[in-house]
Amino acid sequence: MNYFPEEVIEHVFNFIASHRDRNSISLVCKSWHKIERFCRKKVFIGNCYAINPERLIRRFPCLKSLTLKGKPHFADFNLVPYEWGGFVHPWIEALSSSHVGLEELRLKRMVVTDESLDLLSRSFPNFKSLVLVSCEGFTTDGLASIASNCRHLRELDLQENEIDDHRGQWLNCFPDSCTTLTSLNFACLKGETNVAALERLVARSPNLKTLKLNRAVPLDALARLMSCAPQLVDLGVGSYENEPDPESFRKLMAAIQKCSSLRSLSGFLEAAPLCLPAFYPVCQNLISLNLSYAAEIRGNHLIKLIQLCKRLQRLWILDSIGDKGLVVVAATCKELQELRVFPSDLHGEEDNNNAAVTEVGLVAISAGCPKLHSILYFCKQMTNAALITVAKNCPNFIRFRLCILEPHKPDHITSQSLDEGFGAIVQACKGLRRLSVSGLLNDQVFLYIGMYAEELEMLSIAFAGETDKGMLYVLNGCKKLRKLEIRDSPFGNAALLADVHKYETMRSLWMSSCEVTLGGCKRLAQNSPRLNVEIINESESNRMERNEEDERDKVDKLYLYRTVVGTRKDAPPYVRIL
Amino acid sequence: MITELEMGKGESELELGLGLSLGGGTAAKIGGKSGGGAWGERGRLLTAKDFPSVGSKRAADSASHAGSSPPRSSQVVGWPPIGSHRMNSLVNNQATKSAREEEEADKKKVNDDHQPKDVTKKVNGKVQLGFIKVNMDGVAIGRKVDLNAHSSYENLAQTLEDMFFRTNPGTIGLTGQFTKPLRLLDGSSEFVLTYEDKEGDWMLVGDVPWRMFITSVKRLRVMKTSEANGLAARHQEPKERQRNQPA
Numbered sequence: 001m002n003y004f005p006e007e008v009i010e011h012v013f014n015f016i017a018s019h020r021d022r023n024s025i026s027l028v029c030k031s032w033h034k035i036e037r038f039c040r041k042k043v044f045i046g047n048c049y050a051i052n053p054e055r056l057i058r059r060f061p062c063l064k065s066l067t068l069k070g071k072p073h074f075a076d077f078n079l080v081p082y083e084w085g086g087f088v089h090p091w092i093e094a095l096s097s098s099h100v101g102l103e104e105l106r107l108k109r110m111v112v113t114d115e116s117l118d119l120l121s122r123s124f125p126n127f128k129s130l131v132l133v134s135c136e137g138f139t140t141d142g143l144a145s146i147a148s149n150c151r152h153l154r155e156l157d158l159q160e161n162e163i164d165d166h167r168g169q170w171l172n173c174f175p176d177s178c179t180t181l182t183s184l185n186f187a188c189l190k191g192e193t194n195v196a197a198l199e200r201l202v203a204r205s206p207n208l209k210t211l212k213l214n215r216a217v218p219l220d221a222l223a224r225l226m227s228c229a230p231q232l233v234d235l236g237v238g239s240y241e242n243e244p245d246p247e248s249f250r251k252l253m254a255a256i257q258k259c260s261s262l263r264s265l266s267g268f269l270e271a272a273p274l275c276l277p278a279f280y281p282v283c284q285n286l287i288s289l290n291l292s293y294a295a296e297i298r299g300n301h302l303i304k305l306i307q308l309c310k311r312l313q314r315l316w317i318l319d320s321i322g323d324k325g326l327v328v329v330a331a332t333c334k335e336l337q338e339l340r341v342f343p344s345d346l347h348g349e350e351d352n353n354n355a356a357v358t359e360v361g362l363v364a365i366s367a368g369c370p371k372l373h374s375i376l377y378f379c380k381q382m383t384n385a386a387l388i389t390v391a392k393n394c395p396n397f398i399r400f401r402l403c404i405l406e407p408h409k410p411d412h413i414t415s416q417s418l419d420e421g422f423g424a425i426v427q428a429c430k431g432l433r434r435l436s437v438s439g440l441l442n443d444q445v446f447l448y449i450g451m452y453a454e455e456l457e458m459l460s461i462a463f464a465g466e467t468d469k470g471m472l473y474v475l476n477g478c479k480k481l482r483k484l485e486i487r488d489s490p491f492g493n494a495a496l497l498a499d500v501h502k503y504e505t506m507r508s509l510w511m512s513s514c515e516v517t518l519g520g521c522k523r524l525a526q527n528s529p530r531l532n533v534e535i536i537n538e539s540e541s542n543r544m545e546r547n548e549e550d551e552r553d554k555v556d557k558l559y560l561y562r563t564v565v566g567t568r569k570d571a572p573p574y575v576r577i578l
Numbered sequence: 001m002i003t004e005l006e007m008g009k010g011e012s013e014l015e016l017g018l019g020l021s022l023g024g025g026t027a028a029k030i031g032g033k034s035g036g037g038a039w040g041e042r043g044r045l046l047t048a049k050d051f052p053s054v055g056s057k058r059a060a061d062s063a064s065h066a067g068s069s070p071p072r073s074s075q076v077v078g079w080p081p082i083g084s085h086r087m088n089s090l091v092n093n094q095a096t097k098s099a100r101e102e103e104e105a106d107k108k109k110v111n112d113d114h115q116p117k118d119v120t121k122k123v124n125g126k127v128q129l130g131f132i133k134v135n136m137d138g139v140a141i142g143r144k145v146d147l148n149a150h151s152s153y154e155n156l157a158q159t160l161e162d163m164f165f166r167t168n169p170g171t172i173g174l175t176g177q178f179t180k181p182l183r184l185l186d187g188s189s190e191f192v193l194t195y196e197d198k199e200g201d202w203m204l205v206g207d208v209p210w211r212m213f214i215t216s217v218k219r220l221r222v223m224k225t226s227e228a229n230g231l232a233a234r235h236q237e238p239k240e241r242q243r244n245q246p247a
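If you're matching them up, the sequences are chains L and E in order. Under our numbering, the first residue of the first sequence is numbered 1, with each subsequent residue one higher. Under our numbering, the first residue of the second sequence is numbered 1, with each subsequent residue one higher.
Honestly, the hints are just simulated from the structure, not real lab data. Glycine is no exception: its CB is placed at the ideal position from the N, C-alpha and C atoms. No false leads were mixed into what you were given.
List time: in silico DSS-like cross-link candidates among lysine-lysine, alpha-carbon distance up to 30 Å:
id: 1; chain 1: L; residue 1: K380; chain 2: E; residue 2: K144
id: 2; chain 1: E; residue 1: K97; chain 2: L; residue 2: K324
id: 3; chain 1: L; residue 1: K554; chain 2: L; residue 2: K502
id: 4; chain 1: L; residue 1: K190; chain 2: E; residue 2: K198
id: 5; chain 1: L; residue 1: K569; chain 2: E; residue 2: K144
id: 6; chain 1: E; residue 1: K133; chain 2: L; residue 2: K554
id: 7; chain 1: L; residue 1: K190; chain 2: E; residue 2: K133
Covered stretches of chain L, as calculated for chain E (at least 3 residues, CB under 8 Å):
id: 8; stretch: 68–77
id: 9; stretch: 81–94
id: 10; stretch: 401–407
id: 11; stretch: 568–576
Simulated DEER-style distance windows between Cβ atoms:
id: 12; chain 1: L; residue 1: D550; chain 2: E; residue 2: A140; range: 23 to 31 Å
id: 13; chain 1: E; residue 1: D197; chain 2: L; residue 2: R552; range: 44 to 52 Å
id: 14; chain 1: E; residue 1: W202; chain 2: L; residue 2: H501; range: 52 to 60 Å
id: 15; chain 1: L; residue 1: F15; chain 2: E; residue 2: G200; range: 48 to 56 Å
id: 16; chain 1: L; residue 1: R552; chain 2: E; residue 2: A140; range: 22 to 30 Å
id: 17; chain 1: E; residue 1: M212; chain 2: L; residue 2: K304; range: 33 to 41 Å
All chains should be modelled from the sequences, with the hints used to inform the complete structure.
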């Protein structure tokens, strides 16, 4: 390859999009490293504290798209206190004062402020795409800045963010000249929406393919919106009334029938099932259906809808579908690749057997859907026999996340632990990259994981294991492990300290409510300049009363990650970086 | 329900009880308190059903392997692992459903002449609840509290007092009586509870019915009484306050 001029090599490199492949290319030789860095357009940073913006910009001056992830995964479940970190502002500031022509920014679990959004909107004239997932710290005023100032905006995608809704007129802020929108998702906004402004915006966006509405957009508005956007591919429905009048319903049906390109349906945030028939005409084309927020849609209404969706590849649903409903899915959706079943009733009070899913549903799906490769399944009970059957039926799992709602729950028929069941899964699914385990588990399951899960990159453990051996099996065995997150499991210093160098091959380790002590963490940090070892203690008051710290004190939360830029400076007082 | 809370139960730890009509449980937690390794030792919210046997809850937790009264998954911090956005939505749905069911039950009792009881009903009957921020004067780090998990001002005040004023669980003297917690609601402590409403105004907590309050509250602030000007009606003189303090 070195016989070719640089331009040719660069041209070849431009066909390679995956950031992992790009990283590999850059390691081949100095010449390739240099060529690659000047032509890299998209950069992915899995942990915003592993590197800093200045070094990023120095290495990739021509970058156009940046993906940043901030807080650890368990922040989603309120395990990481507020103000922990993950602030995007320094990144935007640094990019703004450089010559980077940023066009796309994708953030996950970061703290974003209105100030940041405003700076972003003013700094990059070609800015096209903003995707915010599970972020917080901003309001609709920030959205107004984006709408007003980003002249070439194509994509504004807000997924599950905590946004203070000031009920301002951010939708009105899109100038009349803005006609470039291809994707608009504001489903997570809780406040009122200026429906008229929205309709005008949609009407002047002929390229709009994705539109996801929030609760505040009612049925009649939906019909009008769909009439002026028959080219929609991905629709998130807002709210439905309980009993639409026949005229509204007729208009909606007419509008939907024109949407021959519709492939993905979601939302139904406040939906009454009576309106579902309006969507029947498009069901046969759907490849993705997300009803996981639609608490009202269940029973026969749901079944009828699903029976029409023969081409479905992705289904997100609530467990109110029941085992019976999953049997229907298994019979109908032969193309299914990804299934997520979320809990609908957290109180566990309902004795209604139809209202939850069990191992029966899981087995049915595994038997009926040969292409299934990703599953997230919340259920009340499980058995080893079922898991062994699932493993036999579906050796192609890439992601297998099983969450049995009650911690430590054993096989409900044999009362044994579920080690053998999960063991069967990892043994059969040679391509498994992500695994979450639950239920009653000893160390044995981790022995299996260490032995068989060769491709495993992310492992989530909760309320499992017996001794340090469990964690050691995993650390020693899973060569490709990148993220390990553990809570409420009896792993301690011996496991933590056995192989400190391992952590430099991983992105991060999280351990909360385990047996690791302050002393152990200190020893870990001493020998590891390229690791940040963070201890998060929320109840500082207890510790401040005591003058000495006891090294035998157990640590509430430990989060460690590899980094090339040392200790971060923006940690709050209750985060101690060793 | 309130009386039960105040009387206490002579246990070693103050446990919060919920008098919810939402099906007897709580889906969410206020925030993690530091605890030991065992997950069962955290501060947690109990359901109304647990109240009679709450003394044995601890035993039940440590005996979870033995299978006696299995601890509900909803009582552990961050469990089940559902994203907070989804969790809020779930809890809202259940609250709305219960609110609607209650409304319908109320409607049957009410004549056309009377006002409907539920003054908080919005146009399409939805009730927006969920976690809201709580800040306290002098404390840098805020907390979040789940309004859905409370049924009254007393409940809420109790929770906040636990969050901000307790380093240890409420202690009991040898006589078996509680040391009285600071009272945020009656103006007898040096702090007062305020909230920001939907219009951005800061108001004193407690003036309006609970149901109306939860639909209009955006965030809470535990404010020093000395800073809360204009609340003369509930503010007592320092000397009076001392006299009223429990022994």
